[in-house]
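A.B. asks: Model the full assembly from the supplied sequences, consistent with the hints where possible.
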Amino acid sequence: MTYILQLVTAGLAVGSVYALIAIGIVLIYKCSGVVNFAQGAFVMMGAYLTFAASRLGLPPVLAVTLALVLMAGIGVLAERVVLRPMLKAPVVAVMMVTLGMLIMIRASCLAVWGPDPLAFPRIFPDGALELFGVFITYNYLTAGVLSILLSLGFLGFYRFTAVGLMQRCAADNPRAALAIGIHTSNQVSLAWAMSAGLAGVGGTLLATLNGLSLGLADIGLIAFPVIVLGGLTSLGGALVAGLLLGLLQSFTDGLLSPMIEDLLRAHTRIYSVGALQQVVPYALLVAVLLLRPQGIFGRKGSERL
Amino acid sequence: MKRAHFIVGVAVAAAVLAVTPFLDRYVAYLVTIVAISSIGALGLNLLTGLCGQISFAQAALMGIGAYTAGNLCNAGLGLFAIPLGGLAAATASVVIGLPALRLRGLYFAIATLAAQFILEYLFKILEPLTHGISGLLIRPPTVLGFAIQDDRAYARLAVALLFLVWSGIGVLRATNLGRSFLVVRENEIVARGMGIDVARTKFWAFLLSGFIAGIAGAMSGIASRLANPEAFSFALSVDYVAMIIVGGQGTLTGPLLGAAFVTLLPEAIQRIGELFNTPSILSALREFAFGMLIILFLIFEPLGLMAVVRKLRLRLTASKPGGKSPAATTEAV
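Top to bottom, those sequences are chains A and B.
By the count of our numbering, the first sequence reaches residue 305 at its end, each step adding exactly one.
By the count of our numbering, the second sequence reaches residue 1333 at its end, each step adding exactly one.
Keep in mind that the hints are not guaranteed to be accurate.
Said to hold, decoys possible - A few chain A residues that don't get close to chain B, going by computed Cβ distances all over 10 Å:
hint, residue
1, Phe135
2, Ile136
3, Tyr138
4, Thr142
5, Ser213
6, Tyr271
Said to hold, decoys possible - Which residues of chain B face chain A? A partial, calculated answer using Cβ under 7 Å:
hint, residue
7, Leu1084
8, Glu1287
9, Leu1298
10, Leu1303
Hints are computed from structural coordinates only; laboratory data are not their basis.
Since the structure is predicted, the reported quantities are computational estimates derived from the model, not experimental observations.
Even glycine gets a Cβ: it sits at the ideal position worked out from N, Cα and C.
C.D. replies: Dropping the structure here:
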């Protein structure tokens, strides 16, 4: 029982970071119709920037804020310089251009910080909290709570503030938004800034859990099962789907893999299932695409085909 | 395909085949890898450029070709292993493609992304067939008692295969099937209206493109004598999509230019970078240039190198009074 709870908390902590990153992708997609493969690169770069800032001696809060602001700037830059000229290009070309950004940003980080994993500065205190016999390290606790708070705060911002309303207008019908005096291209830039900033914070949180390496960029690809599961256009869906996938991965790792391994060992010459938890999201993705392509929360017809 | 193009193709292939015995081993290696990636790019171009379905599973399909051919080669089937590798990949491609028939554009792309990761994972864990992470060692195939194990022999084999695939696609483009690919790419509803069976057309696109990918994979497995999961990763799939973008989607010869460009760029940077003598900066530089290249091409020349070539040719013929008229050159290629 305790073991199950342990799996649940670990899954929720990682899943909430997934949610945070996936929300960024959904936001960009809603606002500009771009599927951003570079989100993973934003995640990674945010973590490296936090690292660099705290190397300079800034206290953790300031370091994270500085990274957030810088990432927002990079988001705007990406939108203005790279995506703006691609407005009329086919979906596939736009996808490739974001992949190009992913490769470039990764290369820049590789050039500056090298290929080896770095020790991330301790932002949260060591130690663990005991709840019903389950130990949750402060790392996991703060990462989980912070990303859920950020996600919820973000959803609230989108739902209840004037700027959020303008964002929704611009995403829903750019022409009508223009007609009522909303500067839609600024709104698109703002969306990029916010999701790159969110991704940067997500990256910092992930780095406190898993350490800092170029591998952080791979998280951007795991976000795709999340957004498809949640429905490509639903911010709330991305949050729920992120948590679900976190749980799924944690249970696959902790329960399912050992069971399957035993089974395979008994009957075949396969001795290990490797990192099964890393492909389970994609298997789920295929199932969702076949059974319910609009995702759990997406509306039919809301997908841009 | 126009007869003139075919003749040029024959001439180029014959010339390359004729010089390979005299090539330096390193140059022969370069010829081999360019030919292999050209085959792979032609396969992807059939699906993406002609039929309009973007795929991120090209590397995984090549992997299936390589593992199949590798195992069959080791079992002593010689060069028959190559078409059989193609068949295995064609089957996999149809299995991936058919359920995805109802998906278009973005969703299809994401589905192939999932297929890429799932297959990559299977390469790692199906130890009895793939030997896991360490990879499957492939013994050189023998033809009439002679083992093919020399860089120059690989180059000849790869170029010959490339020529077969290239002319096969050239012929295909002029058939009913080839033309219906184009209609499906432009507009599926129009295709239906013209009486084209869209599902059947896509089935053939998956089948043929998978077959070609498998051949490329088989050849690359044989030439490197090894099939390992790392060689057929997602990054390679991205490389292939980049090749057809850089070369020119939907053209016959564009993928060859793109393949040469994308394959040789890292080699060129490697040569330049040896001056600096720092491996991590070097690979960063390589990646950076690659990413920037994709972005620049998509923004400034979305039709790829083929469009550049066409423009150059137009300019040349325009300045020459006796040259071909511009109208005649635009519809070529």
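A.B. asks: With reference to the structure, classify each hint as holding or not holding.
C.D. replies: Each hint tested on the structure:
1. Phe135: Answer for phenylalanine 135/A: holds, closest chain B Cβ roughly 31 Å.
2. Ile136: holds, 30 Å
3. Tyr138: holds, 33 Å
4. Thr142: holds, 30 Å
5. Ser213: The claim stands: serine 213/A keeps its Cβ more than 10 Å from every Cβ of chain B (closest is about 13 Å).
6. Tyr271: About 7 Å separates tyrosine 271/A from the closest Cβ of chain B, which leaves it inside 10 Å; violated.
7. Leu1084: violated, 23 Å
8. Glu1287: Because about 4 Å separates glutamate 1287/B from the closest Cβ in chain A, which is inside the 7 Å limit, the hint holds.
9. Leu1298: holds, 5 Å
10. Leu1303: violated, 11 Å
Going down the numbered hints, you'll see the structure goes against 6, 7, 10, while the others check out.
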